[in-house]
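2 protein chains.
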Amino acid sequence: METIINENQRRIEVCVSPNLFPVYFKNKDCIVVVIDIFRATSAICTAFENGVKGIIPVLTIEEARKYQDTGMLAAAERSGEIVEGFDIGNSPFSYMKPEMKGKEVVLTTTNGTKAINYAKDASEVVIGSFLNLKAICDYLEKKDKDVILLCSGWKDRFNLEDTLFAGAVVYHLKKNERFIGLSDSSIAASCLYDQAKGDLNEFLKNSSHRNRLARLNLEKDIEYCLQENIIELVPILKGNTLKVEV
Amino acid sequence: METIINENQRRIEVCVSPNLFPVYFKNKDCIVVVIDIFRATSAICTAFENGVKGIIPVLTIEEARKYQDTGMLAAAERSGEIVEGFDIGNSPFSYMKPEMKGKEVVLTTTNGTKAINYAKDASEVVIGSFLNLKAICDYLEKKDKDVILLCSGWKDRFNLEDTLFAGAVVYHLKKNERFIGLSDSSIAASCLYDQAKGDLNEFLKNSSHRNRLARLNLEKDIEYCLQENIIELVPILKGNTLKVEV
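Chains as they are written, first to last, in the working numbering: chain A, 788 to 1033; chain B, 788 to 1033.
Looking at chain A on its own, in the form it has when it is part of the complex (with noise of 0.2 Å):
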């Protein structure tokens, strides 16, 4: 992107998928806001709201185990499913265990901790999904920093889901006259929204991952994760750990 934006403007990048993040990330002083809707930045906003203290994403189901070696609660998922000895996987449903209150958790998942490890390197990693969707937009607004919206895709292919959440972003931010500096990913991903945003379910009813959960009779999980704004606290990246501020 050349758009010619003067230093009161913040760029908004849509990348959209991991392979490419290096493409976008030129400048470290950003926020990075790391999205899988299907499911694991959904539920890792869940666990949060319903008092999960902490979540350690990991990339290996091996690295994985050896928390869970150590009596740590333990969440792996691969290609939708529960990773076998293992209780939990990515549903949110998961997370409102009350059982998890106050405990930390390690996870991994097949796209989105992979996203959260590439974004380490920025100044901050913060957690999306349409679920708190209102109150990253207004974190953002708040930062006044760059923006690489970064889809985490389904094996590094585009993925539909994901990009429509982060043209969400892009649509209530660009009303924001500092968030000019749209790049063309941002522009499509906002115009995708646009068209999706009165049935998000009906929009995505031939996507790939949505009808990839349908088979794994998941439908339940598609319908929570597609709603906007029942959650409004951010997970940040503080070392190794996500958190929220409180």
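Honestly, I wouldn't trust all of these hints.
The list makes no distinction among identical chains, and a pair is therefore deemed to hold if it is satisfied within one copy or across any two copies.
Here are the simulated SDA-like cross-link-like pairs (lysine to any residue), alpha carbons at most 20 Å apart as the crow flies [stated by the list, open to error]:
#1 Lys-815 - Asp-943
#2 Lys-942 - Phe-808
#3 Lys-942 - Asn-814
#4 Lys-961 - Asn-998
#5 Lys-992 - Gln-982
#6 Lys-962 - Asn-993
#7 Lys-961 - Asn-993
#8 Lys-961 - Lys-992
#9 Lys-813 - Lys-942
#10 Lys-942 - Pro-809
#11 Lys-813 - Ser-866
#12 Lys-992 - Asp-981
#13 Lys-942 - Asn-806
#14 Lys-961 - Glu-989
#15 Lys-992 - Cys-978
#16 Lys-942 - Val-810
#17 Lys-992 - Gly-968
#18 Lys-962 - Lys-992
#19 Lys-890 - Leu-1020
#20 Lys-921 - Ile-1017
#21 Lys-1030 - Gly-838
Hints listed in this document are in silico derivations from the structure and should not be mistaken for laboratory results.
Since the structure of chain A is already known, use the hints to place chain B on it.
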């Protein structure tokens, strides 16, 4: 993508950046349509329409110079401008000159020739632009193979005009029941084209490369490149040279 496809159905994938090509290029027995609307693939189509015999796409300015030293016509563009020492860049109007008729041309551009190089191991590589949109769609229907629509982007970023053209191809092919395997990126691109098709130039008014070209006084090129179906041929890569079937 894990959409269930039977053997009589063909996939259409949109790859929004050359960086993502390895992620989509799993079945080599496919046709890759290389897209660089502003302006390499529009210029290539125009060159053949005006009687150019062959175009050798090369990656570097040095390679183009070597061909030039043998007396061949040579074209080189970087960041929208003709490279010093070359007579031609990638403005389609440069390729309408009568003296180019029957000639071979070597060509290197910022994004387009790089994308052609990425695609070269596919069973077929063809060149698409709005100018030959219908010809490309007819060709793909006739060939009946899986299709990857490869957007050249801008320096590996997502780019609006290339994605719109990819969307135009999906928009037309999806009416054919054999092309039912739409990836998420195909759904998104088709949806964007559907919104933009009434006035492509208006839709692109805030896009980065359109504005980059406008600053270089290339409005005439932009308008030319956004015309649909004024050229009926399909340039195809044969060995290291683009040609059209006669």
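A quick look at each hint next to the structure:
Proximity of Lys-815 to Asp-943 under the C-alpha cut-off of 20 Å is restricted to the inter-copy arrangement: shortest distance 19 Å between copies versus 22 Å within a copy. For the homomeric pair Lys-942 and Phe-808, the shortest alpha-carbon distances inside one copy (14 Å) and between copies (13 Å) are both at most 20 Å. When the C-alpha separation of Lys-942 and Asn-814 is checked against a cutoff of 20 Å, the pair qualifies only between copies, where the shortest distance is 16 Å, while the shortest distance within a copy is 25 Å. With identical chains, the CA atoms of Lys-961 and Asn-998 are at most 20 Å apart between copies only, with a shortest distance of 19 Å across copies and 31 Å within one.
Both within a single protomer and between protomers do Lys-992 and Gln-982 lie at most 20 Å apart by alpha-carbon distance, with minima of 14 Å and 19 Å respectively. In this assembly of identical chains, the alpha carbons of Lys-962 and Asn-993 lie at most 20 Å apart only when taken from different copies (15 Å versus 30 Å within one copy). With identical chains, the CA atoms of Lys-961 and Asn-993 are at most 20 Å apart between copies only, with a shortest distance of 13 Å across copies and 28 Å within one. In this homomeric assembly, Lys-961 and Lys-992 come within 20 Å of each other (Cα to Cα) only across copies, at 16 Å, whereas the closest approach inside a single copy is 27 Å.
In this assembly of identical chains, Lys-813 and Lys-942 lie within 20 Å of each other by CA distance solely across copies; the values are 13 Å between and 23 Å within a copy. In the homo-oligomer, the alpha carbons of Lys-942 and Pro-809 lie at most 20 Å apart both inside one protomer (17 Å) and across protomers (12 Å), since each shortest distance falls under that limit. For a Cα distance limit of 20 Å, the shortest separation of Lys-813 from Ser-866 across copies, 19 Å, qualifies, whereas the shortest one inside one copy, 31 Å, does not. With identical chains, the CA atoms of Lys-992 and Asp-981 are at most 20 Å apart both within one copy (16 Å) and between copies (18 Å).
Proximity of Lys-942 to Asn-806 under the C-alpha cut-off of 20 Å is found in both arrangements, the shortest distances being 9 Å within a copy and 14 Å between copies. Taking CA atoms no more than 20 Å apart as the test, Lys-961 paired with Glu-989 passes between copies only; the shortest distance there is 19 Å, against 25 Å inside one copy. Proximity of Lys-992 to Cys-978 under the C-alpha cut-off of 20 Å is found in both arrangements, the shortest distances being 18 Å within a copy and 14 Å between copies. Taking CA atoms no more than 20 Å apart as the test, Lys-942 paired with Val-810 passes in both settings, with 18 Å inside one copy and 8 Å between copies.
Taking CA atoms no more than 20 Å apart as the test, Lys-992 paired with Gly-968 passes between copies only; the shortest distance there is 14 Å, against 32 Å inside one copy. In this homomeric assembly, Lys-962 and Lys-992 come within 20 Å of each other (Cα to Cα) only across copies, at 18 Å, whereas the closest approach inside a single copy is 29 Å. For the homomeric pair Lys-890 and Leu-1020, the shortest alpha-carbon distance inside one copy (17 Å) is at most 20 Å, but the shortest distance between copies (64 Å) is not. Proximity of Lys-921 and Ile-1017 under a CA criterion of 20 Å is satisfied intra-copy only: 9 Å inside one chain copy versus 47 Å between copies.
Taking CA atoms no more than 20 Å apart as the test, Lys-1030 paired with Gly-838 passes inside one copy only; the shortest distance there is 11 Å, against 64 Å between copies.
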